[in-house]
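S.K.: In case you want the letters, here they are:
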Amino acid sequence: MAETGNAPTSSTQRELVIERIFDAPRELVWRAWTDPERVMRWWGPKGFTAPACQVDLRVGGTYLWCMRSPEGQHLWSTGVYREIVEPERIVCTNSFADADGNPVPASYYGITEDLPLETLSTLTFEDHEGKTKLTLRTEGLPDGEMRKGADAGWNEAFDKLAESLAKA
Amino acid sequence: MVAPASSDPISTTFAALADPTRRAILARLTSGEASVTELAEPFEMSLPAVSKHLKVLERAGLIARSREAQWRPCRLEAGPLKDADDWLERYRRFWEESFDRLDEYLGEIQEREKKFGRKPPQEKEDQNGRDR
Chain F
1 MAETGNAPTS STQRELVIER IFDAPRELVW RAWTDPERVM RWWGPKGFTA PACQVDLRVG
61 GTYLWCMRSP EGQHLWSTGV YREIVEPERI VCTNSFADAD GNPVPASYYG ITEDLPLETL
121 STLTFEDHEG KTKLTLRTEG LPDGEMRKGA DAGWNEAFDK LAESLAKA
Chain S
1 MVAPASSDPI STTFAALADP TRRAILARLT SGEASVTELA EPFEMSLPAV SKHLKVLERA
61 GLIARSREAQ WRPCRLEAGP LKDADDWLER YRRFWEESFD RLDEYLGEIQ EREKKFGRKP
121 PQEKEDQNGR DR
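Sequence order for the protein chains is F and S.
Numbering-wise, the working numbering puts 56 at position 56 of the first sequence, and it's gapless, one number per residue.
Numbering-wise, the working numbering puts 74 at position 74 of the second sequence, and it's gapless, one number per residue.
Just chain S, with the same shape it has in the complex (with noise of 0.2 Å):
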């Protein structure tokens, strides 16, 4: 199904990529450009079922269909496909290293609540002032 339009561009390629079809399509054009043909051809698939498939990869700004030739042959186009994976990315990373950080925490606490026993002055005080 077409995505309704969107005026947020990263929803956009989302919205594009969440078919499986479409993401066999864009996978079989890394290795290439390909027809429309060549694309329909692993899929039990009408030509105008995949055109349809095509032209929502397309307004996502994920492919690009040449003028030029006859057959006008598919490309991929990776700059939405990067802006969405460097987004998410950002934003994983963003966890990971906080969990890093999380985790050498929890490791100090455990350090010194080993070397000056469970309970050290400023844990007692911690556990007052906590909302339970």
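Just chain F, same shape as in the assembly (with noise of 0.2 Å):
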């Protein structure tokens, strides 16, 4: 079982943050990410399937990750790897796409108008006490402004706000 929870970001981080320690090696879960086989098995939220992986590891080779929703929508995602460091970093772009991999804005999928074309994402892969802690950081969610949000350390007193409108 994973042990810690998460956070959507610290108020000192300038991006979005999730953070997970998984009981496995390093090498294990790199290769969870990277090898398209290993990806299928596990993409997307609850009740979702991964039918198509297509992987090209290299630094400025894409990817086509498609999932499907469990009413059967396929959705892909696509991007651009920016660096790749084994077993330690990868840096890649992020957009929706079509099933032949353009970018597509999120409306496309009738997700909504306001997210913006792509955003960067950096994973990292950590040995920590013999499991891997893995963080994921997206950058340009949406637009660039919640960035600036986060830095000047919006993130808590949000949730608290956000929190206490819930309640209201």
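Derived from the structure by calculation, the hints contain no laboratory data.
No experiment lies behind these values; they were computed from the predicted model shown.
Mixed in with the good hints, there may be bad ones.
[Unchecked claim] Quick list of the computed label-pair ranges, beta carbon to beta carbon:
hint, chain 1, residue 1, chain 2, residue 2, range
1, S, 59, F, 68, 22 to 28 Å
2, F, 105, S, 93, 20 to 26 Å
3, F, 109, S, 104, 48 to 54 Å
[As the list claims (entries may be wrong)] In the PhoX-like style, the derived pairs of lysine-lysine whose C-alpha atoms are separated by at most 25 Å in a straight line are:
hint, chain 1, residue 1, chain 2, residue 2
4, F, 131, S, 115
5, F, 133, F, 46
6, S, 114, F, 131
7, S, 52, F, 133
We treat Cβ as the ideally placed atom computed from N, Cα and C, and that holds for glycine.
Take each chain as given, in its own frame, and dock them per the hints.
M.R.: Okay, structure coming up:
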């Protein structure tokens, strides 16, 4: 089982950060992210499957991952690898895509008009007491404005505020 | 500072939230309406300075100011805040759930390796096929 939960981000970070500690050696976690057959075994939220996955794991190479919603909708994601340091670090861009791998706005899938076309993710894989700490940092959510906000430390306040709003 | 006008409502919300004074004002308004004077109290700040922050919040649709009463009380408008929060929450949940599945999957592989030894046939194939 994973040990930690996550926090959307801490007040000093400039991006949205999601962390998790996996009870597995780092090489195994790395392969789960970089081997298409393995990605297809886990990618996507609960109830989703990943019926297709292509990975061209080199700097400048692209990936094209597909997930299928419980309702049967296929959603494709693509991006370009900017940095690959096996088994430590992957930097890549992300955007929604059509089935041919052409980047499309989120509105293509009726998700929202408000998302930027492309975000930048940095994945780090760290040895952590025999386990692996995986950190996913995402920049460019949405439109760069959020990073400004995160820099000013709004997250904590925002969470509390949202909580109190939910109660109201 | 006032963020450049944005066509994108979520960005406008985030920009308005990027300032600690404005967040404190919003937090104060979660407990009810307040006048500009009341809102200025906790800050070492002139009324015009506070008014400027209120304008940013108003433009982002995060607060509304009554036109009726002369003291024009401010109140919280939850809509945009909720949209921004919903979006981030969806994104976060997407990855949390994917990580749950990855966690299960890693558990399964390791279980299999324990049962069948370090390198069962499909694992060998897997390794040969992988891009190094």
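S.K.: None of the hints should be skipped; say for each whether it holds.
M.R.: Quick rundown of the hints versus the structure:
Checked against the hint of 22 to 28 Å, the pair residue 59 of chain S and residue 68 of chain F fails, with Cβ atoms roughly 41 Å apart. Checking the proposed 20 to 26 Å range against residue 105 of chain F and residue 93 of chain S shows it holds: the Cβ atoms sit about 21 Å from each other. Distance hint check: the CB atoms of residue 109 of chain F and residue 104 of chain S are about 26 Å apart, inconsistent with the given range 48 to 54 Å. This hinted pair checks out: residue 131 of chain F and residue 115 of chain S have alpha carbons roughly 20 Å apart, not beyond 25 Å.
With a C-alpha separation of about 21 Å, the suggested pair residue 133 of chain F and residue 46 of chain F falls inside the 25 Å cut-off, and the hint holds. Between the alpha carbons of residue 114 of chain S and residue 131 of chain F the distance comes to roughly 17 Å, so the proposed pair stays at or under 25 Å and holds. This hinted pair does not check out: residue 52 of chain S and residue 133 of chain F have alpha carbons roughly 44 Å apart, beyond 25 Å.
Hint violations for this structure: numbers 1, 3 and 7, all remaining hints satisfied.
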